[in-house]
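Participant: These are the residues of each chain, in order.
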Amino acid sequence: MVTFILRRVGVMVLTALCLTFIVFFLTNLYPNLEKLAKTQGNFRMTDAEVESYLSRNGYLDPMLSKYGQWMGVWPGWVIEEDSVTRGRCIAPGQPPEEAPRFCGILQGDWGHSTVFRKDVDEIIAEKLALTGWLMLWVMLLMVPSALILGVLAGMREGSRTDRTLSTFAITTTATPEYVSGVLFIAIFASSAVGLQWFKGTATGAMTNPNFENFFLPVLTIALYGMGYIARMTRASMAEVMTAQYIRTARLKGVSFPNIVLKHALRNALIAPFTVIMLQFPWLLNGVVIVETLFNYKGFGWTLVQAASNNDIELLLAVSVVSVVVVLVTQLISDIGYVYLNPRISVT
Amino acid sequence: MAEHDGPILEIENLSISFFTRLREIPAVMDFSVTVQPGEAVGLVGESGCGKSTVALGVMRDLGVNGRIVGGTVRFKGRDLGEISAAELRDIRGREIAMIYQEPMASLNPAMRVGRQLMEVPMIHEGISEAEARARALEVVRDVKLPDPERILKSYPHQLSGGQQQRIVIAMALMSKPSLLILDEPTTALDVTVEAAVVELVKDLGKKYGTSMLFISHNLGLVLETCDRICVMYSGEAVETGSIKDVFDKMQHPYTQALFRSIPLPGADKNTRPLKAIPGNFPLPHERPEGCNFGPRCDYFQAGLCDTGDIPMAGITGDDRHFTRCLRFAEIDWTAPVEAMAQHEATAPGKVVLKIENLKKYYEVSANALFGGSRGKKVVKANETLSFEARESETLAIVGESGCGKSTFAKVLMGLETATEGAILLDNRNIEQTPIEKRDTQTIADVQMVFQNPFDTLNPSMTVGRQIIRALEVFGHGASDAERREEMLRLLDIVKLPREFAERMPRQLSGGQKQRVGIARAFSGGARIVVADEPVSALDVSVQAAVTDLLMEIQRKQKTTLLFISHDLGIVRYLSDRVMVMYLGHVVELGSTDQVFAPPYHPYTEALLSAVPIADTRVEKTHIVLEGDVPSAMNPPPGCPFQTRCRWKPEVPGDLCEREVPPVREIAPGHQVKCHLSEAALARMEPVIRVAAE
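Chains A and B, in that order, are what the protein sequence lines are.
Here the numbering used here is used: position 149 in the first sequence is 149, and no number is missing along the way.
Here the numbering used here is used: position 15 in the second sequence is 15, and no number is missing along the way.
Treat each hint with caution, since some may be false.
What the hints assert, rightly or not - To list a few chain B residues with every Cβ distance to chain A over 10 Å, as calculated:
1. N13
2. I83
3. S401
4. L415
Stated by the list, open to error - Each pair of labels, with its calculated beta carbon distance range:
5. B:V624 to A:G10: 50 to 56 Å
6. B:R506 to A:R156: 55 to 61 Å
7. A:P176 to B:E486: 44 to 50 Å
No wet-lab data here; the hints were simulated from the structure.
From the three backbone atoms N, C-alpha and C, an ideal C-beta is built for every residue, glycine too.
Only chain A is shown next, with the shape it has when bound in the complex (with noise of 0.2 Å):
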């Protein structure tokens, strides 16, 4: 097991190298720094001082070289100008010879962000806390309902009761977001003819969140993405119910419950758990409507604000994160299938 998890762990650091690589080199292509370059200077720089200004700051290196800088494992670029040295790793003030020779990644520098005049990892750990919260809410709401929708729904198939949860779970998966959050504010929220049991705007559940004003965006997220979950959990209870151990646990005499809960839950979890586990990336990014539509500034509001912007080492961070998301998780899910599924084995 222990070796499985170190192999694991060492394709995940390649796969996260190579994609970051690719975020990096896109980014960093030219005619985004041209755009940098004027943002930062101004709008009417002719070319001549677009080049300067972007070799004085070190954007000109080769992009491996720019890349092991921000990685931190090549020296950042030190310049010297008019008896000034300026460098990647020099703060402004701080005389060079107290700086490190590295600063990148690794060394926890994550670069400072243009947009907001703050340093990216600032921004990425608060902005990470607030979608986290909102997601680890849309996980305990949306998961344990997703499966008691698909064994239900599964447990008797082509059953009333069947036939009923999966319309529903059709529906809600067939509905955006942005057509149930509206909905939601206009029916839970709007002042003029909604029931005003919630707030329509989640921007106060930032620093105090409650069921009040934190309600609706977890439950459109929610039940988006639960519509999914329990299709496939019905499919795979469904099919669970059909097999012949399943029969065999019938004919020894076990009740229905008991042949639900303790034969064929476990066997009908495989499916469905690696789905859920694809749901964290996806709730990372995918968070983005319902973000902007309560007015909830997290995660998935500073993607947006960073690709909007250009604003290249805070949508550097936002990538590094969610590889690392969508690597961890699935590591997990690996895990979780080789406990759930003993016909697998890892030794």
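With chain A's structure known, arrange chain B on it following the hints.
Facilitator: Just chain B now, kept in the frame of chain A:
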């Protein structure tokens, strides 16, 4: 439940139907059978005759669509149709237990074996977990599994097929039921394992005094296990009685036809060919008026057999012997089989295929999914195969699963390439040429008939199109019209009506599909045909017809037939020479007569003794092999069979454990791979003896 004195199970006039949107499909009609305490009753019939439905009807587990529409099922005097769901649950598992066809599928893959066993008494007797565990250990020991503690801790997939079936049996016996229903319990198992399981079931039945309802399509198996038999055809019981009466004094034309279509000792493809039952099994909604068997019956009389329902009639003088035939009294049951067309035995021609020291090794990592670099293992699937096959000869390759017979077929076909050695087709080496690189003529020459006709035809292409496609690939015929003509001619050869060209595979029965498979194999004028268990997926009555078809084409086209099978009955019937394989080794090779008579290789001896024979005159020596076939990944040192051989003590020293025996010729054309001395071999007695009439 109060002590009950009388029959354990009485089924009276039971009728079961399945309801679909279109119509009601009667699956079982007017079925009656009684099981006395301690008695074993066999329920025999072809697939679709309703025998499993009867079992599920007794268990009242017919699904959403099935319903009992008439008759009663009484268990120890109680009408099972009238009890509540809770009472039914009490009976299931405690009073009536069931053993299923596929042990792997019937065990929960995500639950440890121990849990699954302990559950039964915990539900029914409310005993503690520790007690249940002790009981499980005891029963696992009773079903003769090694290392019960380890077995209880394992998951089903960690056990072999035979062990799984023993666990299913153990599970059935956990609460000491009064009635055991066995639904084809050994169909998925190898013959030697089957023999051991049957032996076990018989012993345990005696030990616990359990009554048994034994469902099988194998008459031989029923003869060995049961006291009484009930033959079913198309939803009805057609004949019931004691084993002796039904086997020796059958009173129903279907029973007679069934016995004539299975290869018993004495049958021979040339002098005493099998007699297939003409026609097809009627579909449940297409049953004829009157006698269901009427349209296929030799004794059919219009006006009598095709009007009204036919009741069961008792036969005076016999013990509870009934038949559903109106003319049983008029038929002369002792009349000999009307002579079938006899054939001249064809003499084998020149050698077309020569195998020399063929070896096929596979390298597998210890685990396919998460395999690392360490733990690479070599599976020796074929070990030094050497033999010749001649024109118009049938060479049977016999052995249990994992013996390497299918691997050999793959290498011959070019789906795999050999590790070492040579395959010479007309003196050309083909062992290293994969099928993509073989020329069309070689491919057309070496063809295959597959085991499962249901999976080997493309479901979305008409039958005719599939044959034409093969003709195109083999470059046969100049135009589409010519190929179409040829296709129709092939349909004629395999005795399918020409209209079938336009049909889809799903519209065909199993036997018909297999005929299409044969037509396809012969479409390029194949000279060597590998038939991999071509009839094992088919019903008994169809098997004879398909076998005969193969023989007939072989006679006409002088084909070399490599007949891969585990069914020694059919092998004895149709093959000229037999090759017995065990764990990749050829342990015995000789003419059919030589292999089926002593001296045997010890494995052949055990194999012959394991095969059930549906003939009361046959006496067999009882040899039960211990344990399972060893894994080819980890074969025993020395002789591959030494772990299960009963003759091993006859060989001095530890020769068997040290050295692979040399191939010895003990008679012209008869070779054996064994260390036994001439004297020991000469002392062997025939395993199968037919008592004089």
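Participant: Now tell me, hint by hint, if it's right for this structure.
Facilitator: Cross-check of the supplied hints:
1. N13: holds, 24 Å
2. I83: Since the minimum Cβ distance to chain A is about 13 Å, I83 of chain B lies beyond 10 Å and the statement holds.
3. S401: The claim holds: S401 of chain B sits with its nearest Cβ about 20 Å from chain A, beyond 10 Å.
4. L415: Given that every Cβ of chain A is farther than 10 Å from that of L415 of chain B, nearest at about 27 Å, it holds.
5. B:V624 to A:G10: 50 to 56 Å: Hint holds: Cβ distance 51 Å, inside 50 to 56 Å.
6. B:R506 to A:R156: 55 to 61 Å: violated, 29 Å
7. A:P176 to B:E486: 44 to 50 Å: This hint is violated: roughly 59 Å between Cβ atoms.
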